[in-house]
Amino acid sequence: MPQTLSEKIISEKVGHPVKAGELVLTPVDWVYAHDLSGPLAISQLEKLGLGPLKYPERVIFYLDHSSPSSTAIAATEQKVIREFAHKLNLKFYDVGSGIAHQVIMEETLRPGDLVIGGDSHTCQGGAVAAFATGMGSTDVAMAMLLGRTWLKVPETMRFVLKGKFPPGVYAKDAMLFIIGQIGVDGATYRAMEFLGPAIVAMPLYERTIFANMAIEAGAKVGLLPSDKKTREYFKEFNREKDYRPLKPDEGANYSYTLEVDCSKLEPQIALPHNVDNVKPITAPELKDVKVHQVYMGTCTNGRIEDFRVAAKILKGKRINPGTRLVATPASRDVYLKGAKEGIWQTFVEAGGLVNSPGCGACPGIHTGILGDGENCLSTMNRNFKGRMGNPKAFIYLASPAVCAASALTGKITDPRNIR
Amino acid sequence: MKFKGKSWLFGDDISTDLIFPGRYVHLLSNIPELVKHTLEDARGDYAAGVKPGDFVVAGKNFGMGSSREQAATIIKQSGACAVLAKSFARIFFRNSINNGLPVVEVDTSGIEEQDELELDLKAGILKNLTRSFERRFAPLPPIMTEILNDGGLVSHIKKHGDFHL
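Sequences listed follow chains A and B, in order. Quick note: the first sequence uses the working numbering, first residue 1355, plus one each step. Quick note: the second sequence uses the working numbering, first residue 373, plus one each step.
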């Protein structure tokens, strides 16, 4: 029977054909946690007498949410994780390595892997056709212990992207548009698959946004096929051997299909306080929205290509004096590439600042917390009330191009109107 | 399992950021302190006012967003006996069961603040004693019922040595 990507990957794992709706007990290829989900995972394992872990070589810890540590408590929790990882000889990425979802995509994930992560944006791994899904610390701990987990094979919603993106419009705009169409719970319990000629033509860094933000529609996973572009990506990270093609079968069963003509899209903005509160940038309510802080980075848009787009807009200019510009690369690799290419110099000369790799501002831990009544325009994935540490602030979501253009003017600005 | 208590009303799309605000991340492993801030950004009077056995009652998509498991832990520790909502976000739902917190997908319309509710998990019936109506709901998948009855996932694994599908 023709299979969706989810059905295909899970069938491979369990060793027999499965279809949407079935409950399965499945082996996991990778299971990871970070400095927020790790401490509880470790204490749950300790309650069970600490193992032994079934497949310690599949377990990874990342320190990315407080990077470097923001408080004595955070530093002490990180110490516990560090010591635990060393004691059991587990893969471990210390502060400065970057955001778990980005680092695991650069270094570890392979098409067809089944991955559990103690973070909702684990679904980013779907960009390389890995069935990657977020769970809480206890589920993660049990997967670390047993080498497997249980899950329901999800139904799949298909998103077919066609047409050429106009200048100034990016994958982020398409994904915000899609979430605006289906809502923040439009894909709950289901898989989202992103297909079509516009996806085939799209490099990995842009594809990643669809997988990463699938959770913002409530999805279990967001999957893209593995093809030529995936191979190019693996090649860039010297691991072409990890590549294999993987795509859904013709005639697979989809519970829903949405076609998106990307050539008709404008830059999109998600307004406070929900990711589905999406309007095109030309909407009247987006005229003259003051921006106090522009935050660029996160697992959604913290890749080198994102900063290249922004740097091109910022080059040789100064940001608005009423606006702060904060850049945070998603990984050490992005940090290094940005340094070599002079991108950080462009940001700093424009009046911005550059953090070390991590993601502390998005959940509201440090490096970019907002003040009362302030507006932030960000490349991140969530604009919930209280996100970025202050329930009295307002977060707007957009592409890197919109963010860079707006940093220059101090208000939400269409990048198509800059020079 | 049967529960009886009063309702605390919440709206749609209550995120885990509203349940466990990121600014309290330093209390991540300090549940007795963190519990004092349960649902603080959704409504500030809940944590201090909730009585043991009360219900958290919400609209659609309760628990959306982050996977922070403490969101489920503190609702349970706050004294609530269950969360009733029109629908739930996936990770929060699973976290709740893993923590032994009953989560029930049921039509919550018509329930008002501080209504007296009675929940019969096994029979799949929610009664509003104040307004004299009842709603039926579908049972959890058997694996989840079992984890819940075992008192959460850690106890489940302790008991069976594995997931007992």
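Check each hint, because a few of them may be wrong.
To be verified - EDC-like cross-link-like pairs, simulated, lysine to aspartate or glutamate; straight-line CA separation at most 16 angstroms:
#, chain 1, residue 1, chain 2, residue 2
1, B, 432, A, 1400
2, B, 530, A, 1630
3, A, 1408, B, 534
4, A, 1739, B, 384
5, A, 1401, B, 384
Said to hold, decoys possible - Some chain A residues judged to face chain B by a derived CB distance under 8 angstroms, without partners named:
#, residue
6, 1391
7, 1393
8, 1491
9, 1536
10, 1549
11, 1572
12, 1598
13, 1608
14, 1612
Read the hints as simulated data drawn from the structure, not as lab findings. Yeah, the Cβ is synthetic: ideal placement off N, Cα and C, and Gly gets one too.
Hint check:
Straight-line distance between C-alpha atoms of residue 432/B and residue 1400/A comes to about 36 angstroms, which puts the hinted pair past the 16 angstroms bound. Annotation: proposed proximity of residue 530/B to residue 1630/A is violated, straight-line Cα distance about 41 angstroms (limit 16 angstroms). Distance hint between residue 1408/A and residue 534/B is fulfilled; the C-alpha atoms sit about 12 angstroms from each other, no more than 16 angstroms. Distance check on the hinted pair: residue 1739/A and residue 384/B sit about 13 angstroms apart at the alpha-carbon level, within 16 angstroms; holds.
Under the criterion of a C-alpha separation no larger than 16 angstroms, the hint pairing residue 1401/A with residue 384/B is inconsistent with the structure, at around 35 angstroms. Taking 8 angstroms as the C-beta contact cut-off toward chain B, the hint placing residue 1391/A at the interface holds, the least distance being around 7 angstroms. Taken as an interface hint, residue 1393/A checks out: its beta carbon lies about 5 angstroms from the nearest beta carbon of chain B, inside 8 angstroms. A hinted interface residue such as residue 1491/A counts as satisfied when its beta carbon comes closer than 8 angstroms to some beta carbon of chain B; here the least separation is about 5 angstroms, so the hint holds.
The closest approach between the C-beta of residue 1536/A and any C-beta of chain B is roughly 12 angstroms, which is over the 8 angstroms cut-off, so the hint fails. Because the closest C-beta pair between residue 1549/A and chain B is about 23 angstroms apart, greater than 8 angstroms, the hint is violated. Nearest Cβ of chain B to the Cβ of residue 1572/A: about 6 angstroms, under the 8 angstroms cut. The hint holds. The beta carbon of residue 1598/A comes no nearer than 28 angstroms to any beta carbon in chain B, farther than 8 angstroms, and the hint placing it at the interface is violated.
Because the beta carbon of residue 1608/A sits about 19 angstroms from the nearest beta carbon in chain B, more than 8 angstroms, this interface hint is broken. A cut of 8 angstroms between beta carbons decides the hint on residue 1612/A: the least distance to chain B is about 19 angstroms, and the hint is violated.
Checked against the numbered hints above, the structure breaks hints 1, 2, 5, 9, 10, 12, 13, 14 and satisfies the rest.
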